[in-house]
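If you read the sequences in order, they're chains C and L.
For the first sequence, the positions run 1 to 579 when UniProt numbering is used.
For the second sequence, the positions run 1 to 579 when UniProt numbering is used.
None of these hints come from the bench; they were simulated from the model.
Check each hint, because a few of them may be wrong.
Chain copies aren't distinguished; within one or between two, either way the pair holds.
Unchecked claim - No farther apart than 30 angstroms at their CA atoms in a straight line, the calculated lysine-lysine pairs in the BS3-like style are these: (1) K502 - K32; (2) K293 - K493; (3) K37 - K388; (4) K388 - K41.
Keep in mind it's a predicted model, so treat the numbers as computed, not measured.
There are 2 protein chains.
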Amino acid sequence: MVQLLQRNSCNCILLGFCLLFCLVKFPAVDAKIRHYKWEVKYEYKSPDCFKKLVITINGRTPGPTILAQQGDTVVVELKNSLLTENVAIHWHGIRQIGSPWSDGTEGVTQCPIVPGDTFKYEFVVDRPGTYLYHAHYGMQREAGLYGSIRVALPEGKSEPFFYDYDRSIILNDWYHRSTYEQAVGLSSTPFVWVGEPQSLLIQGKGRFDCATPSLEPGVCNATSPECSPYAVTVVPGKTYRLRISSLTALSALSFQIEGHNMTVVEADGHYVEPFVVKNLFIYSGETYSVIIKANQDPSRNYWMTTNVVSRNATASAPPGLAFLNYYPNHPRRSPPTVPPAGPAWNDVKARLNQSLAIKAHRDFIHTPPQLPDRVMVFLNTQNQIDGKRRWSVNNVSYNLPHTPYLIALKQNLTDAFDQTPPPEGYDFVNYDIYKVQNNTNATSSDGIYRLQFNTTVDIILQNANTMTANNSETHPWHLHGHDFWVLGYGEGKFDMLNDPKKYNLVNPIMKNTVPVHTMGWTALRFRADNPGVWAFHCHIESHFYMGMGVVFAEGIDKVGNLPSSIMGCGETKGVAHRP
Amino acid sequence: MVQLLQRNSCNCILLGFCLLFCLVKFPAVDAKIRHYKWEVKYEYKSPDCFKKLVITINGRTPGPTILAQQGDTVVVELKNSLLTENVAIHWHGIRQIGSPWSDGTEGVTQCPIVPGDTFKYEFVVDRPGTYLYHAHYGMQREAGLYGSIRVALPEGKSEPFFYDYDRSIILNDWYHRSTYEQAVGLSSTPFVWVGEPQSLLIQGKGRFDCATPSLEPGVCNATSPECSPYAVTVVPGKTYRLRISSLTALSALSFQIEGHNMTVVEADGHYVEPFVVKNLFIYSGETYSVIIKANQDPSRNYWMTTNVVSRNATASAPPGLAFLNYYPNHPRRSPPTVPPAGPAWNDVKARLNQSLAIKAHRDFIHTPPQLPDRVMVFLNTQNQIDGKRRWSVNNVSYNLPHTPYLIALKQNLTDAFDQTPPPEGYDFVNYDIYKVQNNTNATSSDGIYRLQFNTTVDIILQNANTMTANNSETHPWHLHGHDFWVLGYGEGKFDMLNDPKKYNLVNPIMKNTVPVHTMGWTALRFRADNPGVWAFHCHIESHFYMGMGVVFAEGIDKVGNLPSSIMGCGETKGVAHRP
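Bound conformation, chain C alone (with noise of 0.2 angstroms):
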């Protein structure tokens, strides 16, 4: 019966996800090594109607999806075809367990890969989950160079879930601007701000009005098929799990399907405790399975939407659209009814609540370390550094080195970044978090934390008022390498004495990406058992450019030897030897 309708359907407007099902999900089955040969090129492209250049993967945006098993190798030839722009490519939420070279990430694991060069990424998915890939160089994320990891459990395992079905969802934000002129912004003394996106994308689609005044002739085509809205088709009766992730430069954002509940299974990689939602929050860097059941009316469409939360986007970015399609309704058939409005954009406690709600399933918890060795606490701040807008970490805004450490590191550069590492706390006893504080002696560094191997780090990101009055923005954190355990999460200054003791040391989620909420503290705790370098920062893509990280380094001379193809920048020009 599916198998029929997967027949009948396969017309244009499937035709691409019927090729994915056909070719790439049946033969992987048994294999070790998945192998993916991809070319990485500017197209223009029209996601939201309105056509500019975007880069893809092997023509596409997003780009194909990973799908392999637990345990597989996962091979990538990346060949950069973009005329004069690096690349890297980082595989969000795989922990690179002895391949830290593979990391992706532009100066912490590797030089950019110039034009013309094809790099071979290569590293092991050890656990089963939804996981992302997505440029980790200048602000290239932004420019549509990402997509989706699908780890499948091994054959006889099964999930603590039930469903017939699985399907991918990336909701982004999208901007019309160029990377390179919203980087220069950023850098402009006067600072100019990248605003709010022109669009919210669903699985690649969204809509911009193309009414709008003052484009130019032939830029926005409302009719055109690549903005036709995404619709994910389903049998009456039949049970789906959406693998719903995000990749938005900037928003926090909400996720609802019209009448119909979402159970919330999995947290990046990890079984959740289930819970039920109407609206699912979903910050930058996280991916969340959810379990819906196609038990409604089955003569009509039903709207899935997304919108912006936290910011107060509503003039400028409408929601995005797409369709939950009840087969056998036309997937373009719009749904007769409005599409449901999100909760508030400034309802924190809604936010908060479901961050609270995720712990780890009762048959998979893994206990954390009950203590940590090592305790630091990271105030995110807004600072004023030589006329320009930046963010900061312990006041040190961070910037990228032009040497990776994992080189330098092992290499023993010394005078390849700053050797004083940031501060670890910040002045707990006098900041005012709800203050607006001038924040005039920022310093920026390209500074790390070394961690001792095989021990516990506790951090506790402390969010605080921007420069604006009465302001305080969500920052996502992702974490490299690791994943790390959820302890809690805050309204206010953190108590170092007290809030340690209201730890869930019981069933704590682990994750890779966890939300900073306005005005609050979220506390987490890792591992350092990873040999490598792996950053750790602000998802926010402008947030990042501007300074809001922190890298780690761990177990250095565990390290195996690092491939030549990562070198040929800064001081690795020199040491690169044939392979």
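Mind docking chain L on chain C? Use the hints.
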């Protein structure tokens, strides 16, 4: 008096000029090493009132003028501060004798300079004259990365013409789309042509009509000081040497000064037997010096204008306008007249006549070898290859490799490029240059011509009809690493038997850039006496990008040790060594 004038006029408008004059010219007289530190980055600028991202050097476009004396060593430490984009700079007209790795031609003599890296260009300026520098990577030159090189005679020597002062003027055409957008269009199926420029710039200043419909609000500002007309201030009665050069992306130009004749005295660094013109035709990559006398009514200013010739661009690209400012008139005071119209765009004869008029100055004749050792005929055609519009030489469209030839040849990396040389001629007998040919059997290649060291090589550049009926384009061909003798120009198909008899072997001018006129031919001769690898290509940015070029290698065994700084890409990633 002149000192006084300069102090008086050193207001905001002329501040840049004054700084140049005061800070650079005076201390430069005796130094033998000219050291420059440049930072290359993207900035928003409005050269023609329309705001867009441009590539600047130390905040400027055109970049700083390099001022040196014959025999000096120029050192430019170039820091790449572009976000994700590489760079390479070519020193146009400098032969790079003994320093072929400093020619700055990405893919030929060096790997591109990655962001964050500082590359040291070091070369001797061995001849006095007017030269240029510009990006030689992708289509980056068009983004504004260019400037002048002015090499003075040694103390005590003088030129064969008199002038009181000299001034540099670079002409350019200007596009509002980014080089990325243009390049992607050229590589697309269907092919998207870059079109005519939006404006013409005189020394970096032009004027786009801000009343053009459908402009984004704020993007065009007709009152921006950045696009006020460039003014050359002259003192009545004095004599001026104007060093006029063109770095257009596409356009052939005519340049004229209302009410003033120009005496041509230098071309591409060689003294010309003086002749007088009203309109100076100039092609991309050429430099000329003309002498003018400030001998007109001093109560007013005069127009300097430039307009497109050889292409019918009148509708799209308005003439470029600047002022010849007679002191003490205000430099922004508009002349009371209508700007002089240039010659008709399609007057081929006038352009051919100027080409024929340029001979070596009688006291500075370098007599060419009277016979060549090798003769190559390069038929220039448009072709269709893999569904894409390309340009070809003898039916082979040129592709740059990703391992620079200089390194590949020196280190014998034979798989780095096609070892089969392209053909040295075409089917002279049967090919009808006037006919629209399909040219469907063209191929593309990165193969090169290997020249025996110290031999004499003749090149006949043969133009033809394009793929459009009754259409032939003007191509300015530029040779790296050498000057060549211009032996002759002709109309129609070159006659191998009779045309060589008409060569000027008595007083041919030496140049590095020469036009091939529509439906005509140009013959040139050079000595393969400079160890290295040298590009020879159409200087139209899009034409070279579309394959209109070749590469010569000579005396590779005489090339010294390559600096590791030029490596890091393609096959040279693994062979770099610490300096």
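How the hints compare with the structure:
With identical chains, the CA atoms of K502 and K32 are never at most 30 angstroms apart, being 43 angstroms at best within one copy and 72 angstroms at best between copies. Taking the shortest Cα distances, K293 and K493 never come within 30 angstroms of each other, neither inside one copy (41 angstroms) nor across copies (76 angstroms). In this homomeric assembly, K37 and K388 come within 30 angstroms of each other (Cα to Cα) only across copies, at 23 angstroms, whereas the closest approach inside a single copy is 41 angstroms. Taking the shortest alpha-carbon separations for K388 and K41, only the inter-copy value of 16 angstroms comes in at or below 30 angstroms, while the best intra-copy value is 32 angstroms.
Going down the numbered hints, you'll see the structure goes against 1 and 2, while the others check out.
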